[in-house]
Amino acid sequence: MFKACKNCQQNFEITTDDLKFYDKISPVFNGKKYQIPAPTFCPSCRQQRRMAIRNERNLYHRKCDMTGKQIISMYHSSCPFPVYSQDEWYSDKWDGLNSGQEYNFDKSFFEQFKEVRDKTPHQSLISYKNENCSFCNVVGTSRNCYLIFGSINCEDCFYGSPYNCKNCIDSLVLRNSELCYECIDSDKLYSCSNCQNCANSFNLRFCYEVTNSNNCLACVGLNQKEFCILNKQYSKNEYEKIINQTNFSDHLIIKEMDRQLNELKLKIPHKYYVGLNNENFSGNYIFNSKNTFFTFNAEKCEDVKFMSQMLEIKDSMDSDFGENGEMQYECSGFYHSSFNSFCYLCWDGINNLFYCSNCTQNTNNCFGCVGLKHKNYCILNKQYTKEKYEILVPKIIEQMQKPIPLAPFIKGGQKSPLDKGDLGDSFPEFGEFFPSSISTFGYNESIAQEYFHLTKDQAIAKKFKWKDEDLSSQHQGPEYKIQENIQDVKDDISNAILRCEITGKLYKIIPQELNFYRQMNLPVPKKCPDQRHQERLALRNPRKLWDRNCMKCGEKIKTTYAPSRPEITCCDNCYSKEVY
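In this text, residue positions in the sequence shown follow the working numbering: the first is 124, and each later residue adds one.
Treat the hints loosely; a few may be bogus.
[To be verified] Within a straight-line C-alpha distance of at most 30 angstroms, the following computed DSSO-like cross-link-like pairs (lysine-lysine) qualify:
hint: 1; residue 1: Lys378; residue 2: Lys143
hint: 2; residue 1: Lys649; residue 2: Lys413
hint: 3; residue 1: Lys586; residue 2: Lys126
hint: 4; residue 1: Lys428; residue 2: Lys143
hint: 5; residue 1: Lys650; residue 2: Lys613
hint: 6; residue 1: Lys679; residue 2: Lys413
hint: 7; residue 1: Lys613; residue 2: Lys143
hint: 8; residue 1: Lys518; residue 2: Lys129
hint: 9; residue 1: Lys156; residue 2: Lys437
hint: 10; residue 1: Lys413; residue 2: Lys423
hint: 11; residue 1: Lys649; residue 2: Lys579
hint: 12; residue 1: Lys586; residue 2: Lys613
[To be verified] Distance ranges between label pairs, derived from CB positions:
hint: 13; residue 1: Ser214; residue 2: Thr508; range: 24 to 30 angstroms
hint: 14; residue 1: Ala161; residue 2: Ile514; range: 26 to 32 angstroms
hint: 15; residue 1: Asn638; residue 2: Arg688; range: 19 to 25 angstroms
hint: 16; residue 1: Leu389; residue 2: Ile625; range: 21 to 27 angstroms
hint: 17; residue 1: Cys676; residue 2: Cys131; range: 33 to 39 angstroms
hint: 18; residue 1: Lys525; residue 2: Ala127; range: 30 to 36 angstroms
Since the hints were made in silico from the structure, they are not lab data. Every residue gets a Cβ at the ideal spot worked out from N, C-alpha and C, and that includes glycine.
Construct the entire structure; sequences and hints are all you get.
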């Protein structure tokens with residue numbers, strides 16, 4: 124069946140299999156199933172709403188509300204709830220049950236959830252078993268890293284989102300690699316720079332869709348090749364002579380290499396998606412997966428739909444940023460979890476949670492809770508027996524199934540922050556993810572801005588918050604001129620405040636970063652980390668699928684290459700004939 128999205132008014136399809144999943148994930152209490160309804164938002168608007176609640180890259184100086192010490196946090200000091208440093212948040216000095224309250228059937232659930240949320244301490248950063256990674260967020264088991272986000276098992280990495288990497292700078296979903304610079308959606312690279320969609324290779328520069336190859340420059344769509352420049356074969360001596368004569372630390376040389384690579388991309392066929400070893404799927408960047416639909420950046424997944432950034436997930440829909448889980452619905456940010464719905468930032472052995480956030484360490488069977496550890500059978504952070512929990516939760520769900528007007532909750536002369544919002548004046552709460560008004564972040568702070576870009580006026584019109592940039596501490600000192608060639612750059616650049624040539628934002632070059640540029644013969648960037656990140660994102664195809672035909676054989680394909688794009692797009696078989 125088709126429905127009109129309540130948010131954007133576009134029609135979207137709900138299949139029979141979708142309805143079976145909603146039935147499968149619906150909770151059962153005392154022998155009665157409480158049916159999760161079909162969504163009212165289309166898949167894109169559902170994802171945008173989930174992403175608007177997640178901030179990865181915007182960090183602030185503030186004080187720990189327990190100790191008063193200065194810390195780095197993803198939460199600005201203006202956030203309504205207490206924020207604790209990592210050590211204090213994981214300590215036994217406080218208990219999330221202290222924020223608990225009785226459920227009030229005269230109020231909406233979302234309003235009461237916000238009341239508990241605003242009383243409960245939050246951890247300053249999502250950080251797990253890291254060493255010397257104070258400026259990193261959503262990072263685990265890493266050491267000596269700086270401004271990396273959404274990463275795990277990394278060492279000496281700066282700026283980006285590496286995974287199982289060492290000595291890598293400016294990456295975007297780079298995996299299992301070492302000594303790499305400006306590499307995007309690539310795997311198992313060594314000593315490579317400015318590469319995208321490459322794998323199992325070393326000593327590549329400015330390459331695109333190159334696999335199992337070594338010592339190549341400005342090549343596209345090669346496999347098992349060596350000593351190639353612009354897809355032309357050279358001898359080892361010829362290749363090394365050209366490489367040695369080229370100054371890759373010169374910004375003008377880099378611009379020219381980019382230009383030549385982009386021209387070559389239009390001449391070489393491209394597979395309609397990036398991925399390997401999949402069965403029955405649609406999306407992009409999918410590996411070793413089965414029955415995986417409308418999904419992006421997934422590995423070892425099965426029976427999932429409308430997902431992004433997933434590893435080893437089964438039987439789930441409409442979720443993002445997850446690892447090792449099953450039976451997840453409308454969740455954002457989870458790890459080692461099962462049977463959870465409408466949750467964000469809940470991880471580490473959590474099960475059977477509904478409408479929870481920031482719960483961890485084997486917290487199970489909770490409803491509407493925030494910041495709990497090692498807890499069971501809680502509602503709004505209040506402890507219940509199993510028997511009372513299973514009596515009260517159905518009553519709350521029944522209330523949430525009825526259309527509840529959010530207006531006019533008035534407090535202190537001010538309208539509730541939940542007044543209206545992206546769900547409208549009146550709506551059944553059960554089956555909907557948290558409304559945009561719940562998010563503590565401005566839309567431009569959230570990861571939603573990366574995939575669903577809005578201007579300030581557009582965001583406010585859609586009921587999202589907006590965080591205006593604080594310019595009060597802008598540097599007023601003399602401008603530092605960056606030398607064009609790395610050989611001419613002096614050590615004092617690490618003490619300088621630099622200004623981005625595109626955005627005007629301030630940034631620094633840390634000493635470890637400078638050593639890397641010298642080792643790899645790379646230029647010092649003239650753009651701030653955020654601008655470099657935005658430019659890497661822009662090199663990707665959009666997370667959208669078009670129905671097209673292979674430009675070689677005519678076979679039907681679903682691809683991220685829009686029909687208006689100039690690239691030669693082909694099916695798997697035709698691509699294999701061209702490349703392999």
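To see whether the hints hold, each was checked on the structure:
| no. | hint | verdict |
| --- | --- | --- |
| 1 | Lys378 with Lys143 | violated, 52 angstroms |
| 2 | Lys649 with Lys413 | violated, 43 angstroms |
| 3 | Lys586 with Lys126 | holds, 22 angstroms |
| 4 | Lys428 with Lys143 | holds, 13 angstroms |
| 5 | Lys650 with Lys613 | holds, 18 angstroms |
| 6 | Lys679 with Lys413 | holds, 19 angstroms |
| 7 | Lys613 with Lys143 | violated, 63 angstroms |
| 8 | Lys518 with Lys129 | holds, 26 angstroms |
| 9 | Lys156 with Lys437 | holds, 22 angstroms |
| 10 | Lys413 with Lys423 | holds, 8 angstroms |
| 11 | Lys649 with Lys579 | holds, 27 angstroms |
| 12 | Lys586 with Lys613 | violated, 48 angstroms |
| 13 | Ser214 with Thr508: 24 to 30 angstroms | holds, 27 angstroms |
| 14 | Ala161 with Ile514: 26 to 32 angstroms | holds, 27 angstroms |
| 15 | Asn638 with Arg688: 19 to 25 angstroms | violated, 40 angstroms |
| 16 | Leu389 with Ile625: 21 to 27 angstroms | holds, 26 angstroms |
| 17 | Cys676 with Cys131: 33 to 39 angstroms | holds, 35 angstroms |
| 18 | Lys525 with Ala127: 30 to 36 angstroms | violated, 22 angstroms |
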